[in-house]
Amino acid sequence: MNGRTFRDSVREYLRNSGYSQQELAGAICLHPKVLSRKLNSNGNAQLTQLEVKRIITTLASWNVITTRNEALLLLDLAQVQPNSFSDKEWQTPPLSQLAPEQAQSIFSNGFSPPMLTMRHNLPAPTTRLIGREWAVERLRHLLRREDVRLVTLVGSGGSGKTRLALHVASVLAGAFAQGVWFVALGGVSDPELVPMSIIQALNMKPGPRSSPVQSLTTYLRDKQMLLVLDNFEQVKDAASVVGELLAAAPGLKVLVTSRTMLHLYGEHKFSVPPLDLPDLDVIPGTEDLLQYGAIQLFVERAQEVAPDFALAAENAATIVQICDRVDGLPLALELAAARVKVLPPALLLERLSEARLSVLTGGARNLPSRQQTLRNTINWSYNLLSPEEETTFARLGVFTGGWSLEAAASMMQAVEADQEGAPLSGSLLDMLEQLVDNSLLVRLPVAGGQVRFTMLETLREYALEQLARQGDLERLRDWHACYYLGVAETAEQGLRGPKQLVWLARLAAERDNFRAALEWSLRRARAGMMNSRRPRYEFRSTEEATETAGSEMYETGSAHGSGLLAVEMCLRMASALRPYWEWQGYLPEARSWLEAVLALPLEEDASESVLAARAKALSEDARVACLQDDLPRSVEMADQSIALWRQQDNPGGLATALVHRAWAAIAMDDYGLAKSVCEQGLHLLPPNSNTWLRGQLFLYLADAAGFTTDFERMRSYYAQSKELFEQAGDKSAVADLLKDLGGMLILELKHTEAVDCLLSCAMNWVTNNMLQRV
Amino acid sequence: MMELAFAVGMRGEPEPGLASLQAAQLGGAAESLQNAIGFSSWMKTHPITEAMLQYIRSRVDEQSWEEALAAGRALTEEQAMALAYRVGEGTLS
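Listed in order, the protein sequences are those of chains A and B. Oh and the first sequence: position 50 is 50 in this note's numbering, straight run, nothing missing. Oh and the second sequence: position 7 is 7 in this note's numbering, straight run, nothing missing.
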């Protein structure tokens with residue numbers, strides 16, 4: 001039997017899974033040395049058929065192989081017949097648990113073992129794809145060709161590019177060893193942020209000191225993966241990034257949706273046309289009509305809102321005309337069909353015709369005809385809303401990438417209070433659902449325990465236009481920035497408490513909103529302007545506020561209604577998001593925002609709250625610099641922060657800066673200084689206050705004691721720190737502490753205790769889904 | 001993970017050579033994870049742990065050590081955690 005390639009595969013599987021040859025030997029009842037000879041040597045030692053079968057069964061029982069085809073491939077490589085496993089064996093675990101489908105590599109050059117698990121982040125579709133069968137088939141073939149690595153789906157807004165790309169990606173998910181990954185760029189307006197958005201979609205950790213593009217090329221270079229970059233038109237200057245990634249990663253393919261091409265070498269354009277329409281002059285019977293994509297989509301969507309609706313001989317001509325009127329554009333068809341609930345088809349057609357006339361005499365005349373049609377339909381759909389719905393829809397355009405019900409409610413309250421207008425007559429949720437029914441909004445899966453909504457980018461553009469026309473855009477962007485500052489500061493505390501994973505999910509869901517708020521405030525701050533409004537809600541509960549290092553000032557520093565300076569807002573927001581960025585490993589993003597906000601000049605007579613915000617940002621930057629091993633900067637920032645805090649009466653802020661200074665001191669082996677600054681910090685804080693912060697101070701005191709072999713004190717400090725973290729409910733901090741303690745126990749030569757402690761730490765990470773902290 | 005690698009290696013059970021290879025595998029996994037995340041462990045540079053590393057490494061031949069290290073580097077986060085459990089629990093049993 002020629003077992004050479006079989007041996008290669010088995011060794012590769014073991015290497016990738018973490019199992020050892022010794023464990024495999026034990027599982028198949030062979031002496032490890034015998035198995036080693038059979039798997040590693042070129043001599044006469046051959047695996048028997050029974051041993052091959054046992055190896056495959058063992059790999060299946062360890063979930064190292066997960067599909068039946070992987071088992072068959074291994075049998076084939078070992079030149080053993082598939083029927084050497086009886087039907088009964090195939091039907092019995094572990095072989096019966098193998099999935100029937102295989103993640104087959106589409107790259108035929110060279111041997112590549114299938115991945116252990118297939119991965120993707122594609123959102124689940126809420127409706128079925130209609131009228132695109134041929135397009136899916138052609139794209140599938142195109143993307144399977146070895147010479148095709150970049151395909152751009154080009155089409156006007158609302159032509160269904162995203163939906164088509166998602167479907168094709170899901171069809172191809174099994175063809176890429178490392179799966180398919182969807183990167184939503186609708187909420188990204190700065191091309192510079194595209195690499196970071198890809199990193200976040202891949203849920204990978206960028207290198208601490210590498211640029212995001214460098215991190216990506218390193219990560220992707222040996223991966224076989226399909227990236228779907230959605231809504232690329234607004235970040236088209238980032239096309240060169242796509243080119244760089246493709247050049248660096250031979251196993252990478254990219255599917256882009258955009259209104260225009262990227263104009264890169266090797267780019268394949270795929271025009272996404274409107275859905276098929278019948279000829280208006282020769283209308284076929286209803287069954288034949290339903291073969292047309294446009295008709296099918298209209299009828300299915302109409303039936304979703306009006307279950308009694310049916311295509312019949314009496315309404316067929318009208319429906320064909322409606323579909324023709326909107327040029328078969330999927331988004332326009334959905335908007336029109338959503339109205340069938342209240343408008344019978346004949347009336348719907350009449351209204352659509354009137355709307356087109358009014359729009360054609362308006363500002364849309366210069367648009368290409370298909371965009372004109374879409375705009376016309378959106379306008380028509382918008383005008384059918386009640387005045388309250390119209391206003392709400394336009395205002396919701398201020399959110400980027402989605403929003404929670406709470407955020408929408410808060411916005412409505414703030415605006416109404418400001419305008420002294422009447423509150424909403426009905427429930428906001430009902431109104432949002434109504435807008436969902438009208439296909440103007442999309443309901444998202446619940447994230448971080450919150451109901452969430454979003455709107456398609458094309459509709460958001462329209463909403464923002466309406467806001468600008470009403471003169472509300474700037475004011476609402478100010479509100480948006482204030483609101484998300486509040487979320488960030490509450491979340492900063494939340495990440496240190498018992499619900500830290502819920503907060504982590506919320507922060508991740510609001511990523512685009514934070515960026516938009518930071519960009520807006522930074523722009524305002526650079527222009528020397530003031531955010532005109534304060535959010536009309538409490539930033540956090542007072543109970544939490546008393547526990548917060550360096551943040552109590554926000555409640556007292558500036559009076560409500562007095563206006564919050566944009567510079568203070570930027571500093572506070574970047575500081576508040578630092579723990580989240582650190583948790584996710586987004587250190588380059590943290591560094592870049594913190595540096596940008598710290599570069600803002602302050603007025604000579606800057607208020608105390610602005611100075612406090614700067615002091616906090618300096619100390620957060622010290623933390624990030626230390627994580628990146630940039631110790632000189634870390635020390636410089638921490639020292640500046642300490643000096644600034646000393647000018648103010650804020651023990652919590654000063655103690656936080658001292659914690660960060662202590663950390664840098666430990667990293668530089670200056671344990672005496674670490675001990676001294678931690679003691680200063682503890683001296684500043686009353687015993688029953690600042691639970692979490694005192695926990696941090698004791699942690700670094702313990703580390704410093706451990707490094708100076710003062711193990712008795714070290715244990716006492718760790719115990720005090722652990723108690724405080726447990727009081728605060730911060731499981732992540734407890735795990736960090738156990739890791740430090742485990743390290744110190746090694747120095748103390750207590751290895752068994754160290755293993756025990758480190759396993760507890762690992763258990764803590766796994767049970768709390770904090771693998772990223774490993 | 002790096003800490004666990006040292007602890008397992010220094011403990012040297014159930015058999016010193018195997019413990020060294022397990023330590024190398026865990027160390028390789030820790031190295032790639034730390035490179036990815038950005039935390040550089042003090043254990044890599046501390047004089048005492050440097051001496052420990054030499055001791056753990058001296059118990060196996062160069063090629064086996066390098067292979068185990070490479071195998072550890074190739075692991076995903078999930079696989080590395082599974083390895084940590086198996087090795088850690090095996091050591092204690």
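By construction, these hints were calculated from the structure, which means they are not laboratory data. There may be inaccurate statements among the hints.
Using 25 Å as the maximum straight-line C-alpha spacing, the simulated DMTMM-like pairs for lysine to aspartate or glutamate come out as follows [stated by the list, open to error]:
1. A:750 <-> B:67
2. A:269 <-> A:314
3. A:223 <-> B:66
4. A:750 <-> B:13
5. A:88 <-> A:51
6. A:33 <-> B:77
7. A:33 <-> A:23
8. A:269 <-> A:288
9. A:223 <-> B:15
10. A:33 <-> B:78
11. A:236 <-> A:192
12. A:33 <-> B:50
13. A:499 <-> B:78
14. A:731 <-> A:604
15. A:731 <-> A:753
16. A:33 <-> B:62
17. A:731 <-> B:77
18. A:731 <-> B:66
19. A:722 <-> A:649
20. A:33 <-> B:31
21. A:223 <-> A:8
Not the full set, but computed from the structure, chain B residues with beta-carbon under 10 Å of chain A [as the list claims (entries may be wrong)]:
22. 9
23. 16
24. 22
25. 43
26. 52
27. 60
28. 65
29. 81
30. 86
31. 87
We put the CB at the ideal spot given by N, CA and C, even for glycine.
Against the structure, the hints:
1. A:750 <-> B:67: violated, 28 Å
2. A:269 <-> A:314: violated, 41 Å
3. A:223 <-> B:66: Holds: residue 223 (chain A) and residue 66 (chain B) sit about 23 Å apart, inside 25 Å.
4. A:750 <-> B:13: Answer holds: residue 750 (chain A) to residue 13 (chain B) is near 14 Å, not above 25 Å.
5. A:88 <-> A:51: holds, 18 Å
6. A:33 <-> B:77: This hinted pair is violated, its Cα atoms lying about 30 Å apart.
7. A:33 <-> A:23: Between residue 33 (chain A) and residue 23 (chain A) the Cα gap is close to 12 Å, so the pair holds against 25 Å.
8. A:269 <-> A:288: violated, 31 Å
9. A:223 <-> B:15: violated, 37 Å
10. A:33 <-> B:78: violated, 29 Å
11. A:236 <-> A:192: holds, 10 Å
12. A:33 <-> B:50: violated, 32 Å
13. A:499 <-> B:78: holds, 23 Å
14. A:731 <-> A:604: Given that 25 Å is the threshold and the Cα spacing comes to 43 Å, the pair is violated.
15. A:731 <-> A:753: Roughly 21 Å between the alpha carbons, so the hint for residue 731 (chain A) and residue 753 (chain A) holds.
16. A:33 <-> B:62: Between residue 33 (chain A) and residue 62 (chain B) the Cα gap is close to 19 Å, so the pair holds against 25 Å.
17. A:731 <-> B:77: Holds: residue 731 (chain A) and residue 77 (chain B) sit about 20 Å apart, inside 25 Å.
18. A:731 <-> B:66: Roughly 36 Å between the alpha carbons, so the hint for residue 731 (chain A) and residue 66 (chain B) is violated.
19. A:722 <-> A:649: The hint is violated at about 28 Å.
20. A:33 <-> B:31: Violated: residue 33 (chain A) and residue 31 (chain B) sit about 29 Å apart, past 25 Å.
21. A:223 <-> A:8: holds, 19 Å
22. 9: Holds, because the Cβ-Cβ distance from residue 9 (chain B) to chain A comes to roughly 9 Å (cut-off 10 Å).
23. 16: Status violated, d = 12 Å.
24. 22: holds, 8 Å
25. 43: holds, 6 Å
26. 52: At about 7 Å, which falls below the 10 Å cut-off, the nearest Cβ of chain A leaves the hint on residue 52 (chain B) intact, so it holds.
27. 60: With a closest approach of 13 Å, the residue 60 (chain B) hint is violated.
28. 65: violated, 14 Å
29. 81: holds, 6 Å
30. 86: holds, 8 Å
31. 87: holds, 9 Å
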